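Participant: Here is how the chains run, residue by residue.
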Amino acid sequence: MRDVARNLLWPFAAVAILMAFNALRDPAFLHLRLVDGRLTGAMIDVLNQGAPVMLLALGMSLVIGTGGIDLSVGAIMAVAGAAAAAMLHSGASSASAVGAALAVGAAAGLWNGSLVALLGIPPIVATLIFMVAGRGVAQLITDGEIITIAPDAAILAIGRGSLFGVPLPVLTALSAAGALAALARLTSLGLFIEGVGGNEEASRYAGLSVRSIRIAAYSIMGLLAALAGLIDAADIAAADANNCGLYLELDAILAVVIGGTALTGGRFSIAGSLLGAVLIQTLSTTILRADFGGRSVPVELNLIIKAAVVLALCLVQSGEWRRLCRPIRSAAA
Amino acid sequence: MADALVEMRGIVKTYPGVVALDGVDFTLGAGEIHALVGENGAGKSTLIRILTGAEQPDRGRIRLSGREIRPRRPAEAQRLGVAAVYQEINLAPDLSIAENLLLGREPRAPLGWIRWGEMRRRARRILGDMGLEAEVATPLRHCSIAVRQMIAVARAVDQKAKVLVLDEPTSSLDAAETSRLFDLMRRLRGLGLGILFITHFLEQVYAVSDRITILRGGRRVGSHAARDLSRLALVSAMLGKAAPEAAAARPRTRPVDSGAPARLVARRVFRRRVVQPFDLTLRSGEVLGFAGLLGSGRTEIARLLFGVDARDGGTLSVNGKTVQHHSPRRAIRCGMALAPEDRRAAGLVPHLSVRDNILLALHASRGWLRRLPRRRQHALAERFVRSLSIATPDLSRPVAQLSGGNQQKVILARWLLMEPTILLLDEPTRGIDIGAKDQIESLVGDLRARGMAIIFISGELEEVARVSDRVLVLRDRSVAGELAGADLRLSSIMERIAGSGGGDGGA
Amino acid sequence: MRVVLSRHWPLLATAAVFLVLYSGAAATLAGFFSWFQFTRLFADSATLGLAAVGMTFVILSGGIDLSVGAVIACSSMLLALLAGESGWPLWLAAPTVLAAGGAFGAGMGGLIHAFRLPPFLVTLAGMFLARGTALLLSPDKRIELGSHEAIRSLSMLHAADFTLPALALLGAVALAAAVLRWTRFGRTVYAIGSDESAARLMGLSVGATRLGVYAISGLCAAAGGIIHVIGTQAGDASVAFLLELDAIAAVVIGGTVLAGGRGSVVGTLLGVLILAIITTIPGYLSDLNSWWTRLIIGALLLLFVALQRLSQRWHEQ
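Chains as they are written, first to last, in this note's numbering: chain A, 1 to 333; chain B, 334 to 840; chain C, 841 to 1157.
Don't read these hints as lab results, they were simulated from the structure.
Any given hint could be a false lead.
Each computed SDA-like pair below joins lysine to any residue, with the alpha-carbon atoms no more than 20 angstroms apart [what the hints assert, rightly or not]:
| hint | chain 1 | residue 1 | chain 2 | residue 2 |
| --- | --- | --- | --- | --- |
| 1 | B | Lys-770 | B | Glu-372 |
| 2 | B | Lys-495 | B | Arg-666 |
| 3 | B | Lys-495 | C | Gly-1043 |
| 4 | C | Lys-981 | A | Glu-300 |
| 5 | B | Lys-770 | B | Gly-573 |
| 6 | C | Lys-981 | A | Ile-287 |
| 7 | C | Lys-981 | C | His-848 |
| 8 | B | Lys-493 | B | Ala-337 |
| 9 | B | Lys-495 | C | Leu-1041 |
| 10 | B | Lys-770 | B | Trp-701 |
| 11 | B | Lys-495 | B | Arg-519 |
| 12 | C | Lys-981 | C | Arg-1040 |
| 13 | B | Lys-770 | B | Gly-550 |
| 14 | B | Lys-654 | B | Cys-667 |
| 15 | C | Lys-981 | A | Ile-304 |
| 16 | B | Lys-495 | B | Cys-667 |
| 17 | B | Lys-493 | B | Ile-402 |
| 18 | B | Lys-495 | B | Leu-517 |
| 19 | B | Lys-495 | B | Ala-724 |
| 20 | B | Lys-495 | B | Gly-573 |
| 21 | B | Lys-770 | B | Gly-737 |
| 22 | C | Lys-981 | A | Tyr-247 |
| 23 | B | Lys-770 | B | Ala-724 |
| 24 | B | Lys-493 | C | Leu-1041 |
| 25 | C | Lys-981 | A | Asn-302 |
| 26 | B | Lys-495 | B | Arg-520 |
| 27 | B | Lys-495 | B | Arg-392 |
| 28 | B | Lys-493 | C | Gly-1043 |
| 29 | B | Lys-493 | C | Arg-1040 |
| 30 | B | Lys-654 | B | Arg-666 |
Simulated coverage check for chain B against chain A, where a stretch passes if three residues somewhere in it have a Cβ under 8 angstroms from a Cβ of chain A [unchecked claim]:
| hint | region |
| --- | --- |
| 31 | 668-678 |
| 32 | 682-689 |
| 33 | 694-701 |
If you want the ones that stay clear, here's a sample from chain A, every Cβ over 10 angstroms from chain B, calculated [said to hold, decoys possible]:
| hint | residue |
| --- | --- |
| 34 | Ala-150 |
| 35 | Ala-154 |
| 36 | Leu-174 |
| 37 | Ala-312 |
| 38 | Gln-317 |
| 39 | Glu-320 |
These numbers come from a predicted model, not from an experiment.
Even for Gly, the Cβ is constructed at its ideal location relative to N, Cα and C.
Using the sequences and the hints, build the whole thing.
Facilitator: Structure representation (structure tokens):
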């Protein structure tokens, strides 16, 4: 428990510092107001815009927990959004459109998981295949066009609605986190995932079905990616097979790493991944809002900062780096 | 020995908490094949790691042809003339034989381009000198393990090696391949090389070596000319019991009740290249010991019985039911449990807590939906921590932080709470302190009294003899005999392990 | 014959796929079967092809480079900036861009090697970095070079209907094949991908080779960026989005094993041509949409990965 708290300290501090920076530049950043029964304010926007990455990071932490990786989550988002939009377009209800999107997402996860667990293809390669083909599937569904969603469709609430004043995307992400936490605490799934990622051989000796646990992790990932795809489609009221979820797999992996989960597997932290996703979004928002001497900072700086964060975190996690630092530390002590 | 090629004197090497080598002397002559034997933890691998520069000794000196050397890296040792060929062959399987022989020293034209024709010619000459036949353009992955082994030897020799270390080169070779390798070794001996040969197979020790050095517990027990050392003397030296003492009558055991229900029956079960066909019957309320040297097949049989490895043939029935497609999951469902030899690799999930490790098999058998309530988890784990007296500050401590003995008890706890009818214990007492050892042995007695059927595997013969009602003796991957009742004496076990003399050679 | 089959079946499988596709297209598509169309295949895929040649080195050594698309975009912007706005002569600007690409790759290789970081993560960061830099180089994300004489004349250059980009691709393939076959560096690339610790124990310089492999990948991607500028007379920060995926696909379809150690750059060229045919076909058939190309590429990728996996299992038996 102490471990978890220490791992969360840094990302938490980073979020707090960024928030403080924003608040100092513009005190309105911290304001929360109720407009038409809906909470608004910059901080709510951060959570709202960060919701898709939060969902992806949650699933990614399970997959990384088993010692795997999923590069296809952006493509799964596109496929799920396309499926929902196409269903609506052909006159189906919003509920069945949501159902179709989730089913498609879970099926994509099942596909990835089967390639990894049954065929024994390394996770990077297996999910790369869907990363290549997935957007083709999405375009096949939408017939290559951007399908817009009618402005009165109930499904739009997923991206724009709110409940008790809280935007639905935020609620969705938080309830997914709650559900995963419950899954990890109330069932044995969390234990099994950590077992498989921590020592596959020992897990097999103990009677775990390593294959089905792997497949389950990728399937849950697919389901959560589909949810993220729905939020994205509902937010822009359209399914864009080319751009939906583009590069978000990288944000998701980054969020998980920021949350203190090692890429080697065997452990995962739901709270950490959630916090990591919030940090990434806070960073983007900060850059968007910041301006130096009247000149706004280009949004693209975001990419470079993310690259620096990825590298820095990996360096700190690597054993070689620690070996390099040890003499320095002991000299200082 | 006038022309000592390698002289190692007073070699000491300690790791945190372990003295791996405690002042070992070792001498290898030129034109000599010298077998290095010993059980697990004897210090064989540490000694060769020091000789080949992979580790540095804490104390002691190494001389090569009279000159003192201190290799810091394998590459440095190689330059000095000490080369090693390991069981997992260190060559590039995707490159051709010629490249594997010559890469790094390949013939090149002025601009740095490789001269392939010259390279193939040289490779052919090297193979010819060694008496090997192979098409040098063949990718190594298309070659058998035996050929790869010999290519690795050829590469080492061609790099002007004076000393060749062969670390278990024969463990995955069949008899014909082994004898080809031995021919090559004899040929190299004729060229004046000193060969240090490590193997688990006694037959092979006698088939090819001139001298034998025995290590036990980090000390040298003795060095003898092979023809002066009987097999029995060798086995007792390795296992640390002088023959007369070993012959002493064994304490207690009640007679085996041949009417008790058979729990586990194996008929002609085998796995190619791993275990020869064997029969086995295990009854309720008995302890069946497996005795044999490392690599004799004792662990391999346990893995076959538990379904970790698939068997290539034979029938297996557990609690009266014939088992077709075996797996650990199925074995557990049939009431079996296996505490594996290698705790780190196959037993523990290191950063999970003591509690989670204890409950892993139980949760696995219940499925993911039926997780035990937290309080019940705690109570169960607590009960076993107490009854096995596992020393841990608390149940949520990562199991990696426990001592070896306590880790072993965590694995035992994992299986005991499953209440198996058949318990396989592979080296349950290795690397743990005396107190924990006694505890585990008396626990085995209790479990047997309660009607459990137990297979007890240990490299310590005395322990096997003490704990078991019957003992299967294993030699060279097959069952060499069964001992029970009055025949179950240490001396008779050793005789069986040593083989009844007769130079049947090879694996 | 059997030896050739057993040793080179991945390359033969690729060649078979290429022949079937090409003759199928030639038989059914009016106007496809001509020398001019054949040379077009090379010209159209020159940027991808150059990146795939570099990627072949990386994958042969057991790594992966996800940054090549971004490096192409960044190089095209850099060249347009230097040769256009800053007015550098092309003979200076182009080598500078190549050197920058190589240095960028070498930097990633150095990190991967020195700190034993997973290649996909480091090159992912490299992708962010290069794409971000490309976008930051100009507020318009695009630099037009309408009146650049040297570049325009280069774009007119051709030999036997092969344009300069096509010639560059062919030259790079030939050079890469020679390096992989006839130099110690090339053989060390195979050795590392085959078994890294063995390569180390054989006394080969693993670190320098790995650095070189990623440097070559960066260099090839930079060359791809230059080719793009020559083809379009402009630098474009958003060009070559996800091109790394196609490059990896071309390498794998070309018979190179993703785990490293086996494969050839000639196979990669065939893989690139296969992708070129697949992407050309929709232009001839109005009822076949371009997204089918993604699906077919994905399916081919799966086919080759599965074949590799099966042959590996078969060898383990």
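Participant: Hint by hint, say whether it matches the structure.
Facilitator: Now for the hints, and whether the structure bears them out:
The straight-line distance between the Cα atoms of Lys-770 of chain B and Glu-372 of chain B is roughly 18 angstroms, inside the 20 angstroms bound, and the hint therefore holds. For the proposed pair Lys-495 of chain B and Arg-666 of chain B, the alpha carbon gap of about 55 angstroms is over 20 angstroms, so the pair is violated. A threshold of 20 angstroms between alpha carbons decides the hint, and for Lys-495 of chain B with Gly-1043 of chain C the separation of about 18 angstroms falls inside it, so the pair holds. A C-alpha spacing of about 10 angstroms is found between Lys-981 of chain C and Glu-300 of chain A, which places the hinted pair at or below 20 angstroms, so the restraint holds.
Restraint check for Lys-770 of chain B and Gly-573 of chain B: the C-alpha separation of about 18 angstroms stays at or below 20 angstroms, so the hint holds. The straight-line distance between the Cα atoms of Lys-981 of chain C and Ile-287 of chain A is roughly 18 angstroms, inside the 20 angstroms bound, and the hint therefore holds. Between Lys-981 of chain C and His-848 of chain C the CA atoms are separated by roughly 45 angstroms; this puts the pair beyond 20 angstroms, and the hint is violated. A C-alpha spacing of about 18 angstroms is found between Lys-493 of chain B and Ala-337 of chain B, which places the hinted pair at or below 20 angstroms, so the restraint holds.
For the proposed pair Lys-495 of chain B and Leu-1041 of chain C, the alpha carbon gap of about 18 angstroms is at most 20 angstroms, so the pair holds. With a CA separation close to 35 angstroms, the supplied pair Lys-770 of chain B and Trp-701 of chain B exceeds the 20 angstroms bound. Between Lys-495 of chain B and Arg-519 of chain B, the direct Cα distance comes to roughly 14 angstroms. Compliance with the 20 angstroms bound is thereby established for this hinted pair. Between Lys-981 of chain C and Arg-1040 of chain C, the direct Cα distance comes to roughly 45 angstroms. Violation of the 20 angstroms bound is thereby established for this hinted pair.
Restraint check for Lys-770 of chain B and Gly-550 of chain B: the C-alpha separation of about 17 angstroms stays at or below 20 angstroms, so the hint holds. Using a Cα cut-off of 20 angstroms, the hinted pair Lys-654 of chain B and Cys-667 of chain B holds, with the two alpha carbons roughly 9 angstroms apart. Only pairs whose Cα atoms come within 20 angstroms are accepted, and Lys-981 of chain C paired with Ile-304 of chain A is accepted, the gap being roughly 16 angstroms. A threshold of 20 angstroms between alpha carbons decides the hint, and for Lys-495 of chain B with Cys-667 of chain B the separation of about 55 angstroms lies outside it, so the pair is violated.
As the CA atoms of Lys-493 of chain B and Ile-402 of chain B are separated by approximately 17 angstroms, the hinted pair is consistent with the 20 angstroms bound. Restraint check for Lys-495 of chain B and Leu-517 of chain B: satisfied, since their Cα atoms lie roughly 15 angstroms apart, inside the 20 angstroms limit. Taking the CA atoms of Lys-495 of chain B and Ala-724 of chain B, the gap is near 51 angstroms; set against the 20 angstroms cutoff, the hint is violated. Between Lys-495 of chain B and Gly-573 of chain B, the direct Cα distance comes to roughly 33 angstroms. Violation of the 20 angstroms bound is thereby established for this hinted pair.
Simply put, Lys-770 of chain B and Gly-737 of chain B have alpha-carbon atoms about 11 angstroms apart, close enough for the 20 angstroms limit, and the pair holds. A C-alpha spacing of about 18 angstroms is found between Lys-981 of chain C and Tyr-247 of chain A, which places the hinted pair at or below 20 angstroms, so the restraint holds. With a C-alpha separation of about 14 angstroms, the suggested pairing of Lys-770 of chain B with Ala-724 of chain B holds against the 20 angstroms cut-off. Between Lys-493 of chain B and Leu-1041 of chain C the CA atoms are separated by roughly 16 angstroms; this keeps the pair inside 20 angstroms, and the hint holds.
For the hint linking Lys-981 of chain C to Asn-302 of chain A, the alpha-carbon distance of about 15 angstroms falls within 20 angstroms, and the restraint holds. Distance check on the hinted pair: Lys-495 of chain B and Arg-520 of chain B sit about 14 angstroms apart at the alpha-carbon level, within 20 angstroms; holds. Between the alpha carbons of Lys-495 of chain B and Arg-392 of chain B the distance comes to roughly 24 angstroms, so the proposed pair goes past 20 angstroms and is violated. A distance of roughly 15 angstroms separates the Cα atoms of Lys-493 of chain B and Gly-1043 of chain C; the hinted pair therefore holds under the 20 angstroms criterion.
A distance of roughly 19 angstroms separates the Cα atoms of Lys-493 of chain B and Arg-1040 of chain C; the hinted pair therefore holds under the 20 angstroms criterion. Distance check on the hinted pair: Lys-654 of chain B and Arg-666 of chain B sit about 12 angstroms apart at the alpha-carbon level, within 20 angstroms; holds. Closer than 8 angstroms: that is the beta-carbon criterion, and the region 668-678 of chain B has 3 residues meeting it against chain A, so the requirement of 3 holds. Only when three residues or more bring their CB closer than 8 angstroms to a CB of chain A does the claim for the region 682-689 of chain B stand; here the count is 5, and the claim holds.
Requiring three or more residues with a Cβ within less than 8 angstroms of a Cβ of chain A, the coverage given for the region 694-701 of chain B holds, as 7 such residues are present. Non-interface status of Ala-150 of chain A relative to chain B is upheld: no Cβ of that chain comes within 10 angstroms, the nearest being about 40 angstroms off. Under the 10 angstroms C-beta cut-off, the non-interface status given to Ala-154 of chain A relative to chain B holds; the minimum distance is some 33 angstroms. Residue-level check passed: Leu-174 of chain A sits 23 angstroms from the nearest beta carbon of chain B, beyond 10 angstroms.
With a least beta-carbon separation of about 24 angstroms from chain B, Ala-312 of chain A lies farther than 10 angstroms from that chain, consistent with its non-interface assignment. Separation of Gln-317 of chain A from chain B is adequate, the least Cβ-Cβ distance of about 15 angstroms exceeding the 10 angstroms criterion. Annotated as non-interface, Glu-320 of chain A keeps its C-beta farther than 10 angstroms from every C-beta of chain B; the closest such distance is 18 angstroms.
Comparing the model with each numbered hint stated earlier shows that hints 2, 7, 10, 12, 16, 19, 20 and 27 do not hold.
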